[in-house]
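**Q** What follows is each chain in one-letter form.
There are 2 protein chains.
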Amino acid sequence: MRYTVIFQPSGKKAYTDGQHSILQISQEAGVPIESLCGGKGICGKCRVVVENGNEKLPPPTEREIKTLGELINRGYRLACETIPACNIILRVPEESRIDRQVILTTAKCVSAKLDPVIKNIYIEVPQPTLDNPMADSERLLTALKGDHGFHNILIDSMVIRKLPHIIREYNGRVTVTIWDNREILDIASGINDNLYGIAFDIGTTTIVAYLMDLLKGKELSVKAAMNPQVAYGDNVVSRISYCAENPDGLEKLRSALLRCMNTLIEEVCEDAGIKPKQVLESTVVGNTVMHHIFLGLDPQYIALAPYCPVIQSPMQIKARDVYLEISPSAYVHILPVKAGFVGGDTVGVIIATEPHRRDHITLVIDLGTNGEIVLGNRNRLLCCSTAAGPAFEGGHIKWGMRATSGAVESVRVDPETLNVELKTIDNRPPLGICGSGLISAVSELKRADVIMKKGNFNPEISSPRLREGQDGPEFVLAWAKETGIRSDLVITQQDVAELQLAKAAIHAGITILMRRMGLTSIDRILLAGAFGTYINPEDACVIGLIPDCLSANIESVGNAAGAGSCLALLNKNKWKEAERIAQKMDYVELSADPEFNELFVEGMFFKSRHTQVSTPEE
Amino acid sequence: MRYTVIFQPSGKKAYTDGQHSILQISQEAGVPIESLCGGKGICGKCRVVVENGNEKLPPPTEREIKTLGELINRGYRLACETIPACNIILRVPEESRIDRQVILTTAKCVSAKLDPVIKNIYIEVPQPTLDNPMADSERLLTALKGDHGFHNILIDSMVIRKLPHIIREYNGRVTVTIWDNREILDIASGINDNLYGIAFDIGTTTIVAYLMDLLKGKELSVKAAMNPQVAYGDNVVSRISYCAENPDGLEKLRSALLRCMNTLIEEVCEDAGIKPKQVLESTVVGNTVMHHIFLGLDPQYIALAPYCPVIQSPMQIKARDVYLEISPSAYVHILPVKAGFVGGDTVGVIIATEPHRRDHITLVIDLGTNGEIVLGNRNRLLCCSTAAGPAFEGGHIKWGMRATSGAVESVRVDPETLNVELKTIDNRPPLGICGSGLISAVSELKRADVIMKKGNFNPEISSPRLREGQDGPEFVLAWAKETGIRSDLVITQQDVAELQLAKAAIHAGITILMRRMGLTSIDRILLAGAFGTYINPEDACVIGLIPDCLSANIESVGNAAGAGSCLALLNKNKWKEAERIAQKMDYVELSADPEFNELFVEGMFFKSRHTQVSTPEE
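Protein sequence lines correspond, in order, to chains A and B. Anchor point for the first sequence: position 229 equals 229 in the working numbering, and the numbering is continuous, going up by one each time. Anchor point for the second sequence: position 195 equals 195 in the working numbering, and the numbering is continuous, going up by one each time.
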């Protein structure tokens, strides 16, 4: 006899001869159902709901009754215990699906199939006997081979140390965490359904850590901190100089970075109520200089022509070898870098925004201390890097701050009265201004003619808000009594100049890439960066960050580099994709482009709206 | 045209069309000739001597003249530079041969082909350009692939840190040290012809380190030290108890061991004038308890039935992960253990003495704190372990000492006068007595009837040498004025009893293995151990260490466990051999044998000579 089994929600149809469990049928049919214990009726992970045909199934087994309890009345069964000899329709509930799509809250429009490089496997290891006193490790590996078909598995040396106790705690019942079907990174007694990873985005100014539950595909905690290396220089070139000029410079920068990362690890773990040693996988993206310092590699040749890094390829490295205080057995996956000034963060931005998978042309701009620009489609990607300065992340701005609670993220200025409306993160009284707030403010002041073409404040305007401050002319966004800082919140002439430098660099970079590709228009523009919630595309056009805003669909996608790091953590296939991107993409060295200087100067101005890419106004 | 090339001393014949270098012809013909630079005429390693046909060869190239100088007049040529279009006879001198046989001074009768797991490769890495700013690592790997055909090579993360400076020092000319054709463990600028490894033998009482030159196959320095763990118990069972009873017991024992090993590393390196960081490979043998403590593995289950270890298989582990202070990138190869009480030291003894390669039956006895016994031939090997106590290594003996300068290593006692003749190591005035000296002394005292059947001193003998001492009866081997210790050198009744316990255990073990194999005679008996220079086989028979001395060819082979460790260092193929031995050999658990106790008691007596194996005298 042949019976039909239909799996919902995919609608996949399979046939059975009445001799196989639902789990076996699903595996045959390619319908992925979670099963930690490998079909032994122990873990209770392979729950399915019978939507049609329940009455014709054999009654629930003792194991099902014990594991499912109440749920049985609602049609739940264990796929590994139920052998259907009838036509049935099943639903695989969200929690039993292996190929769940995960939506990242970190960045817009990004999702990934959950398929991390580590997984948990439950096994029962036989006890040794006088006749066969096989060692603990060998019994474990033999059981893993027999039950799950794993061959040539290594055990991390730190894990072997835990083995004799864990293996005896519940008579050989253990859960091992296996990395890449190759190496055991952890062992726990009994059933263990915890699986955690941390994704890092190491920026020149800001470091972000994302703690993810790799079984559920959920973000558990996100914490950010100022990169403590800012004490040694506020951009990558000054950090390189520090390394080159001080014998212990590299080590100082590396250990400052590691202290910060380890503190973030503690914070996200405390937030989620887990221990750092439970974190068994990590991914890292960072620009090439941060990448090098993290790895203890001298970055000095990055600053010298031909600007070549020490290593470009992706790396797998033990957490203990880079002093990251998660499980010492864990691997850290370091995404590849492209060039001296286009790093793993840009590769992360690409895997999170996927310009390489589309036919139409995408322009991605990652606004950080360095502004990395990627242009292209599935046929070709070009990239370059410009020194944008820390303005977008709140650095060098009088009241600049990171995009956290209390930061001004958008501004409205009444062109008549010059009255100001501020929107802050969490709607708290303003404490400072983040990247998107700065862009919004300057854009509004431009619209209200408070800021003029060259960036100077309009001397003809008379308003108590426009005044001479300690550092020269300044515009008051909020009076002391409206703020949380007991001081007037202002934008200074110097702040505007910082933003002008940044936008000019971006402008020049975009223009050169477009010319290299022979393009005059772009289908889609993505603004990425940890600059705040989201930049208003209008504002980005007004200040001239983007050459020609009208021809494209502009979208602000948030911290895509961080999202890329998370995606690589959630799905190991992103590693190969990242490696291919880094190899295939062409790098443009702006410093070698004869047009760069001219375009940079041109980009300093605030233009009238609706002008074309490369037609400077004067 | 076809020309004949004959390589001496092998006499191998090859043919050439006049288009290929001698190096290419030798590679084709399977005649291994050293070539560090891969045939670039740079390293000067591939020297050959033309014995016949020199006048028909093209004249030496500039490179040959520069590299060989004087030697050219003596017929030397570089194999990579010389293209013969004539019949010639060449000699490959010792220094150019890759497959040199190495004779170990450590133990008798052992030699190995020199084929270590690490090797040096000279390469020239192209400089980066603005058009192709490929990273340092990737340029290195590309060159290694192009010049030497190495694919998928990893670079240890510590080595990557040295890369940017080394690669620029001599314009990309570097020598890399590659482990197992898989991973770069070191990089040096220019040509580097240093290659060092250290073999360890970790005994319960003594630790020995052997520094070897892995290019020349030479022993550079050997140093031994007392295992500092003796402070925590003098045998493996008391060490296990210490670990089980003290929460930090394992860590204390491990760190004491490591301090000692690291001191030995410093000593052998200083002796040879090299730095510990230049040591790029290490091998370790040890009994299972030492093996576990070295690796930080809890040994407590070894002492509990069914006596199973935490891990048996051989391991490759980074030196930095076991805190061994050689190059942090180096691997430590840990030989496999067989069972809880038959460790990697016994496996080392077997690869050094090779009973598994012979048709006739060999009995190998490794005399240490544990006495491990191996019996068999190429068809079958049996092994067991007995607690022999530290007597063979000088422990628990009143004037016992390690086999170093000044130790009594053999004794003659005149049966008439009881005058004593001593032979000491280095012929210095005696400072104490080592294992072989103790066996010799007891054997002579037995011959002279000073020691009686039950081990007690003969009360009927009247001599100033036989007297009542502080610890009971004792026999004076040397008077204070003859010694270097300002005290009479004596053997006490207790010393004799220690030896009796040891020999009884060995006796019982041998007898049980012989019965299991159904043997009544043995073709060859090998005595291994760090007990001194060499035990006199006669003496071993007289004291009854060996059940039936007459039927076998007895040989004393020295520290074969240490030799096994050295062989594994010199030739990577010994690893697989060791693994196969450990898997194939059968382990006999003596504690589970009903005959053990009876045989042990029987073995306590000193028998008349020429008695049979299992016929106790009374």
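Treat the hints as calculated values from the structure; they're not laboratory data. Among the hints, a few may not be true.
Since the list gives no way to pick out one identical chain from another, each pair is judged satisfied if it fits inside one copy or across any two copies.
What the hints assert, rightly or not - The calculated BS3-like cross-link candidates involving lysine-lysine, where the alpha carbons are at most 25 angstroms apart (straight line), are: (1) K162 x K252; (2) K162 x K318; (3) K13 x K454; (4) K576 x K145.
**Q** Are the hints correct? Go through all of them and say.
**A** Now for the hints, and whether the structure bears them out:
1. K162 x K252: Answer is between; shortest inter-copy Cα gap is 17 angstroms, intra-copy 34 angstroms.
2. K162 x K318: Classified as both: same-chain Cα gap 18 angstroms, cross-chain 19 angstroms, threshold 25 angstroms.
3. K13 x K454: neither (67 angstroms within a copy, 85 angstroms between copies)
4. K576 x K145: between (27 angstroms within a copy, 21 angstroms between copies)
Against the hints set out earlier in the document, a violation occurs for number 3 only.
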